[in-house]
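All chains should be built: construct the whole structure from the sequences, respecting the hints.
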Amino acid sequence: MNPVGINGTLIIQLITFVILVALLYKYMYGPLRKVMDARRAKIADGLAAAERGKEEMALAQKRAAEMLREAKDKAAEIIANAERRGVELREEAQSKAREEADRIIAGARAEIDVETNRAREVLRGQVVELVVDGTQRILHREIDQNAHRDIIDRMVGQL
281 MNPVGINGTL IIQLITFVIL VALLYKYMYG PLRKVMDARR AKIADGLAAA ERGKEEMALA
341 QKRAAEMLRE AKDKAAEIIA NAERRGVELR EEAQSKAREE ADRIIAGARA EIDVETNRAR
401 EVLRGQVVEL VVDGTQRILH REIDQNAHRD IIDRMVGQL
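Numbering-wise (this note's numbering), the sequence shown opens with residue 281 and increments by one.
Mixed in with the good hints, there may be bad ones.
Said to hold, decoys possible - Once the Cα atoms are required to be at most 20 angstroms apart in a straight line, the calculated SDA-like pairs of lysine to any residue come out as:
(1) Lys314 to Asp325
(2) Lys334 to Ile323
(3) Lys352 to Glu363
(4) Lys342 to Gly326
(5) Lys334 to Ala318
(6) Lys322 to Arg332
(7) Lys342 to Asp353
(8) Lys342 to Ile358
(9) Lys376 to Gly387
Stated by the list, open to error - Label-pair distances were calculated between CB atoms; the ranges are:
(10) Glu350 to Gly310: 55 to 65 angstroms
(11) Val298 to Met337: 49 to 59 angstroms
(12) Val298 to Lys334: 42 to 52 angstroms
(13) Val367 to Val402: 45 to 55 angstroms
(14) Arg349 to Ala377: 37 to 47 angstroms
(15) Ala351 to Asp317: 28 to 38 angstroms
Just so you know, these hints were derived from the structure itself, not from any lab.
Quick reminder that beta carbons are idealized off the backbone N, C-alpha and C, glycines included.
Here's what the structure looks like:
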């Protein structure tokens, strides 16, 4: 066996290897490094965008929750206003109904008073006739109704 020694082939192989490494570094490692750096930057941008997306999502959820709360508050306010208005309308209708009932009752009372007065007048007339008739029978003579009207009216007033 031949002892390994430094000879011309080894030097040529070593120079070829160095040239190969230099060429690979220049044409292969440089562009590959640029591609990897670009990919690393793209991944970093993607991660940053994902983080921004998370923040924006959290902010959007917060806004949505706030809008939902505001909508619920607004709906509760609208419902409360509607209930208040319903109570007002009911009270207004009851008030109008009471006024109408009072007006009808007042009209009925006035009509009753008119009818009562009319009945009294009719009754007075009948009482006058009965008094005149009774007096005629007692006295057996004719009483002039027109001449003695004052006396008859006082008697009817006492009844």
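- request: Determine which of the earlier numbered hints do not hold for this structure and return their numbers in increasing order.
  value: 4, 5, 8 and 15
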